[in-house]
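Number of protein chains: 2
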Amino acid sequence: MTEKRTAVFIVMDGLGDRPVPELDGKTPLEAAKTPVMDRLAREGQTGLMDVIGPGITPGSDAAHLALFGYDPFTTYPGRGPLEAAGAGLETRPGDVAFRTNFASVDANMVVTDRRAGRTFSPDEQEALQKAIDGMEIGDVKVKFIATVEHRGAMILSGPGLYADISDVDPHEVGKKVLTCEPLKPEAKKTADVVNKMMKEVHERIRDLPLNKERKKAGRPLANAILIRGPGRHGETPTLGERYGIKSAVIAGGALYIGTAKFVGMKHVPVEGQTGTIDTSFHNIAMKTIECIKGDYDYVFVHIKATDNASHDHNTAQKVLAIERTDEMVGKIIEATSTEVVLAVTGDHSSPVSLGEHSCDPVPVLLWADFLRADESKHFSESEAARGALHTLRGRDILPILLGYAGHVEKFGA
Amino acid sequence: MTEKRTAVFIVMDGLGDRPVPELDGKTPLEAAKTPVMDRLAREGQTGLMDVIGPGITPGSDAAHLALFGYDPFTTYPGRGPLEAAGAGLETRPGDVAFRTNFASVDANMVVTDRRAGRTFSPDEQEALQKAIDGMEIGDVKVKFIATVEHRGAMILSGPGLYADISDVDPHEVGKKVLTCEPLKPEAKKTADVVNKMMKEVHERIRDLPLNKERKKAGRPLANAILIRGPGRHGETPTLGERYGIKSAVIAGGALYIGTAKFVGMKHVPVEGQTGTIDTSFHNIAMKTIECIKGDYDYVFVHIKATDNASHDHNTAQKVLAIERTDEMVGKIIEATSTEVVLAVTGDHSSPVSLGEHSCDPVPVLLWADFLRADESKHFSESEAARGALHTLRGRDILPILLGYAGHVEKFGA
Chain A
810 MTEKRTAVFI VMDGLGDRPV PELDGKTPLE AAKTPVMDRL AREGQTGLMD VIGPGITPGS
870 DAAHLALFGY DPFTTYPGRG PLEAAGAGLE TRPGDVAFRT NFASVDANMV VTDRRAGRTF
930 SPDEQEALQK AIDGMEIGDV KVKFIATVEH RGAMILSGPG LYADISDVDP HEVGKKVLTC
990 EPLKPEAKKT ADVVNKMMKE VHERIRDLPL NKERKKAGRP LANAILIRGP GRHGETPTLG
1050 ERYGIKSAVI AGGALYIGTA KFVGMKHVPV EGQTGTIDTS FHNIAMKTIE CIKGDYDYVF
1110 VHIKATDNAS HDHNTAQKVL AIERTDEMVG KIIEATSTEV VLAVTGDHSS PVSLGEHSCD
1170 PVPVLLWADF LRADESKHFS ESEAARGALH TLRGRDILPI LLGYAGHVEK FGA
Chain B
810 MTEKRTAVFI VMDGLGDRPV PELDGKTPLE AAKTPVMDRL AREGQTGLMD VIGPGITPGS
870 DAAHLALFGY DPFTTYPGRG PLEAAGAGLE TRPGDVAFRT NFASVDANMV VTDRRAGRTF
930 SPDEQEALQK AIDGMEIGDV KVKFIATVEH RGAMILSGPG LYADISDVDP HEVGKKVLTC
990 EPLKPEAKKT ADVVNKMMKE VHERIRDLPL NKERKKAGRP LANAILIRGP GRHGETPTLG
1050 ERYGIKSAVI AGGALYIGTA KFVGMKHVPV EGQTGTIDTS FHNIAMKTIE CIKGDYDYVF
1110 VHIKATDNAS HDHNTAQKVL AIERTDEMVG KIIEATSTEV VLAVTGDHSS PVSLGEHSCD
1170 PVPVLLWADF LRADESKHFS ESEAARGALH TLRGRDILPI LLGYAGHVEK FGA
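If you're matching them up, the sequences are chains A and B in order.
In terms of our numbering, the first sequence has 933 at position 124, counting the first letter as 1, and numbering is strictly consecutive.
In terms of our numbering, the second sequence has 1076 at position 267, counting the first letter as 1, and numbering is strictly consecutive.
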């Protein structure tokens, strides 16, 4: 009978690349010394993956939704709910969520600073959050969290809310906050709620003691908020509901944690995990092993350093991030080889030459000790083009991992 | 002009496998001596196939539906209609079908034996079938067939019937037959019909002479039926309706015959064809040639012995079943090479190490004497990973076969 294993899914953000002249035309993955992943490629299977679809450059949030097995075209809720979840404010089906800024406005609601000076003390954040969180607009409840600097997340909860509304942010200093309009008839109530909320937030926070102090110090007032990226949490079943599995996310960035929580994963914090090359690869390996030995069926591990290096056009650092990840994978496999089915891939390509996301397919590596080996000799873009997995869609990788790990029911009899 | 050929589709049940230590890490297909299929692979094309979808372990019935070109996610009617068709009781669109057991109940409809002792003489089966078949419940007609031992199949035909109903079988001796409840509002009529049918069948069969004799002999009475696996025959067009072709099924097992009949194939019996290694491969080859030389456009040949060997963890017998199939394919091709387009594949993987179905893709071989050859040197899982067909879905293979055989109309002008 099929034994159940833990599906381990390791994503190096922005892994895929193009030939780099300073690497003699190799990609960073091809140039990096990756003895562990090369061995796993020889014993397992590789392929290429169009994370969203052919020719489509994936955004990080939609990419992860696809990698978690969801159709990004029907399930992607917009940035709001994913950032909110990452900030610790979880949406429920029917909720509409936004990313927010504290801003400065004059008496006529003309924006004078779209970020209210950008700098906020923890006390200021707490006072502002307390003033806004828990507001009620008719039958709609407002949840609010202040996050980093001027940023925050807001959720509207109540019946009949939709995300199809126009922007309130004029995106220019010297212009008045815009009236929110419905973009579809059914979003009229939501637009009305947003307009009332904008007014009430202004009234609630403009006279807080912190603004008196800011005024005294000549700092921009935090007397309004701007909202953006509205998204509605649709009827999205969690991974637990779909597969009956318990799943964990090990990640440093709020967006990845948020997207993972949105589909029902539990965030497992790791001491020293950051979004940079200085993240503790060793601690991530140890925590991943702990999750595998524990009762998790699916463990998602996100490494951000590869993408940061790409954005900085820093080839050497991208190579280094890949090599450190290879060592991390080695520690995990050494401790758990007969207990896992493993995939290593990227959420999109980020060529160091471009410094941004691109539509190039990403290489993917699949390994389990019982798998039929293909002829891949290394884990690289060029070898993956000839691997047994051929070209996958992003949304296929989770069912494949869970299928081999024994967590997908037989279809038919 | 494209000449029309016969599409020949040979399925070795459970063909796909994983590396087997006693075969030096080869799969049974890789270890088997298959000179015919190796030659066809050199002259033709190979690839891998996800029969239902990536990571999904196929059940045999849903797998065959996909291999016959149907979307299993929208077309799979459940086991009832497919088993009924296999038993010779064909459903029509709108019918709801069940698998049935004869059972023993006491005066309060408490189940005392879920199989009524399991043993039934042909006379007993005939008497019970006659008592039940043709019953009418309002405007719903009951069709019934007794099959093997206590088993049978039942079809309800009439307007407004649905399969979304609860179980009547308590699945435990000592418990009362359950009242059938609708699981969706539109299935209320069906649940009512089932409840009346359960009562009327009990009344019709409890006093039959066979039960008086059973009582005298101390054998369990066959005084009720239990039904399970309800499935509705949707608006599924036959292969004839979709492609204007005449198609034949050559198979030993009722489920495969049933699934083939469900899509409109005609069952062509073969003397000596069974579901075991002792099936007459020679007679199957001769009958297949007869169908090709006759007026069939599509001939589906099912070999069950490979899967039985997998379920028994019997590596040597799986290798033998593959080798005998190879010889059979040789006879067919020798007699018909310029008249056919041929595919050989499996309906799912069944690794001998597991003894059950798995999600591993299956190898597929496509041959016609005019096809562009790819670089495959053998028919095997590992060669297929590099073949020109790359990774197909199960539902793609029938259009490919029929397309090359000249039975698919040009799309557009």
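Hints listed in this document are in silico derivations from the structure and should not be mistaken for laboratory results.
Incorrect hints may have been included.
As the list claims (entries may be wrong) - In silico EDC-like pairs for lysine to aspartate or glutamate, Cα to Cα no more than 20 Å straight-line:
id, chain 1, residue 1, chain 2, residue 2
1, A, K1219, B, E1165
2, B, K835, A, D922
3, B, K835, A, E852
4, A, K1219, B, D880
5, B, K1186, A, D1178
6, A, K1008, A, D922
Violated hints - listed by number, lowest first: The structure breaks hints 2, 5; every other hint is satisfied.
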